[in-house]
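Q: Sequence:
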Amino acid sequence: MTKIALGTTSEDKRRILKSVLTDLKIEAKIISFSVKSGITNQPLDEVTTLNGARNRAIAAKKAKENMEIGIGLEGGLVFIENLGYFLVCAAVIIDQDKKEFVGISSKLRLPAEVSEKISRGNQFSQIIREFAAYQNKNPYENKVVSLLVSREQAFKEAINCAFLDWMSSRELS
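Residue numbers for the sequence shown follow the numbering used here, beginning at 345 and rising by one.
Everything labelled a hint here was simulated from the structure, so no lab data went into it.
Idealized CB from N, CA, C, for every residue including glycine.
Misleading hints may appear alongside valid ones.
[Unchecked claim] Below are the DSS-like pairs computed for lysine-lysine, each with C-alpha atoms no more than 30 angstroms apart in a straight line:
#	residue 1	residue 2
1	Lys369	Lys451
2	Lys461	Lys362
3	Lys500	Lys487
4	Lys443	Lys461
5	Lys408	Lys443
6	Lys406	Lys443
7	Lys500	Lys442
8	Lys362	Lys442
9	Lys451	Lys500
10	Lys369	Lys500
11	Lys443	Lys373
12	Lys347	Lys408
13	Lys487	Lys347
14	Lys362	Lys406
15	Lys500	Lys443
16	Lys347	Lys442
17	Lys369	Lys408
18	Lys500	Lys347
19	Lys500	Lys408
20	Lys451	Lys461
[Stated by the list, open to error] DEER-style ranges, computed between Cβ atoms:
#	residue 1	residue 2	range
21	Phe423	Ser378	25 to 31 angstroms
22	Met345	Glu444	20 to 26 angstroms
23	Arg359	Glu474	23 to 29 angstroms
24	Glu444	Ser378	27 to 33 angstroms
25	Ala477	Ser512	39 to 45 angstroms
26	Asn466	Lys347	36 to 42 angstroms
27	Glu425	Lys347	40 to 46 angstroms
28	Asn385	Ala456	20 to 26 angstroms
29	Asn486	Gly465	36 to 42 angstroms
30	Glu474	Glu444	17 to 23 angstroms
31	Lys369	Arg473	32 to 38 angstroms
32	Lys362	Asn466	28 to 34 angstroms
33	Ser513	Arg473	26 to 32 angstroms
34	Arg514	Lys408	17 to 23 angstroms
Take these sequences, add in the hints, and give me the full structure.
A: Here it is as structure tokens:
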């Protein structure tokens, strides 16, 4: 059984991690820790988002001895010229040898109205929930907004990629 130190106390992120581990057939004991990301509350580029996940993984791993790995998760936004902001999520695993394994989600474009408000300094979490409250959008936009609010699919993708990176580096027994 893999002992995992998770760098967040978010029940949603813990649930998402458990789901990925189940899909990958990894039996794990997960202990959550409240740790700092060491970055801004709203990262606006991929490097900062990745650094936040890395910092959380390192801090979680240090929080308790004898954990096999520490994992950090971070969500952020990325601006692409002429297109606006996109959601991106990162997962970083730090193992006992302090090796790093990384997963980054694909990018999901924010609706233009939300992206415009972000560029004016508004907080994504607040704006996307306000935007989601309006139900007169087409069903496809509703799906995008639902994915942006929960971030579940993006975090699953990032976690899955990080664990595949980690698992592929291990010797088969």
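Q: A separate judgement is required for each hint: does it hold in the structure or not?
A: Do the hints match the structure? See the list:
1. This hinted pair checks out: Lys369 and Lys451 have alpha carbons roughly 26 angstroms apart, not beyond 30 angstroms.
2. Distance hint between Lys461 and Lys362 is unfulfilled; the C-alpha atoms sit about 34 angstroms from each other, more than 30 angstroms.
3. With a CA separation close to 17 angstroms, the supplied pair Lys500 and Lys487 stays within the 30 angstroms bound.
4. Among the hinted pairs, Lys443 with Lys461 is inconsistent with the structure: their alpha-carbon atoms are about 38 angstroms apart, more than 30 angstroms.
5. The suggested pairing of Lys408 with Lys443 holds, with an alpha-carbon distance near 17 angstroms, which does not exceed 30 angstroms.
6. Simply put, Lys406 and Lys443 have alpha-carbon atoms about 14 angstroms apart, close enough for the 30 angstroms limit, and the pair holds.
7. As the CA atoms of Lys500 and Lys442 are separated by approximately 23 angstroms, the hinted pair is consistent with the 30 angstroms bound.
8. Our distance criterion of 30 angstroms between C-alpha atoms is met by Lys362 and Lys442, whose separation comes to about 23 angstroms.
9. Restraint check: the Cα-Cα separation between Lys451 and Lys500 comes to about 13 angstroms, which is no more than 30 angstroms; the hinted pair holds.
10. Of the supplied pair hints, the one linking Lys369 and Lys500 holds, its CA atoms being roughly 15 angstroms apart against a limit of 30 angstroms.
11. For the proposed pair Lys443 and Lys373, the alpha carbon gap of about 20 angstroms is at most 30 angstroms, so the pair holds.
12. Our distance criterion of 30 angstroms between C-alpha atoms is met by Lys347 and Lys408, whose separation comes to about 10 angstroms.
13. A C-alpha spacing of about 35 angstroms is found between Lys487 and Lys347, which places the hinted pair above 30 angstroms, so the restraint is violated.
14. Between Lys362 and Lys406 the CA atoms are separated by roughly 21 angstroms; this keeps the pair inside 30 angstroms, and the hint holds.
15. For the given pair, Lys500 sits about 21 angstroms from Lys443 by alpha-carbon distance, which is consistent with the 30 angstroms threshold.
16. The hinted pair formed by Lys347 and Lys442 meets the criterion: a straight-line CA distance of about 15 angstroms does not exceed 30 angstroms.
17. Simply put, Lys369 and Lys408 have alpha-carbon atoms about 24 angstroms apart, close enough for the 30 angstroms limit, and the pair holds.
18. Simply put, Lys500 and Lys347 have alpha-carbon atoms about 19 angstroms apart, close enough for the 30 angstroms limit, and the pair holds.
19. A threshold of 30 angstroms between alpha carbons decides the hint, and for Lys500 with Lys408 the separation of about 25 angstroms falls inside it, so the pair holds.
20. At roughly 18 angstroms between alpha-carbon atoms, Lys451 and Lys461 fall within 30 angstroms of each other, so this suggested pair holds.
21. The hinted range of 25 to 31 angstroms is satisfied by Phe423 and Ser378, whose Cβ atoms lie roughly 30 angstroms apart.
22. Checked against the given bound of 20 to 26 angstroms, the beta carbons of Met345 and Glu444, roughly 22 angstroms apart, stay inside it.
23. Range check, Arg359 to Glu474: about 25 angstroms between beta-carbon atoms, so the 23 to 29 angstroms window is met.
24. Hint check: Glu444 to Ser378, Cβ distance near 22 angstroms, so the stated range 27 to 33 angstroms is violated.
25. For Ala477 paired with Ser512, a C-beta distance near 43 angstroms keeps the hint of 39 to 45 angstroms intact.
26. In this structure the supplied range 36 to 42 angstroms holds for Asn466 paired with Lys347, their Cβ-Cβ distance being about 40 angstroms.
27. The given range of 40 to 46 angstroms is respected by Glu425 and Lys347, whose C-beta atoms sit roughly 43 angstroms from each other.
28. Distance hint check: the CB atoms of Asn385 and Ala456 are about 23 angstroms apart, consistent with the given range 20 to 26 angstroms.
29. Distance hint for Asn486 and Gly465: a CB-CB separation of about 26 angstroms, inconsistent with the stated range 36 to 42 angstroms.
30. Between Glu474 and Glu444 the beta carbons are some 36 angstroms apart, a value that contradicts the proposed interval 17 to 23 angstroms.
31. Take Lys369 and Arg473: their Cβ atoms lie about 35 angstroms apart, and the range 32 to 38 angstroms holds.
32. A C-beta distance of roughly 32 angstroms is found between Lys362 and Asn466, which places it inside the suggested range of 28 to 34 angstroms.
33. Between Ser513 and Arg473, the C-beta spacing of about 39 angstroms breaks the proposed range 26 to 32 angstroms.
34. A hinted range of 17 to 23 angstroms for the beta carbons of Arg514 and Lys408 is consistent with their spacing of about 21 angstroms.
Of the hints listed earlier, those the structure fails to meet are numbers 2, 4, 13, 24, 29, 30, 33, in rising order.
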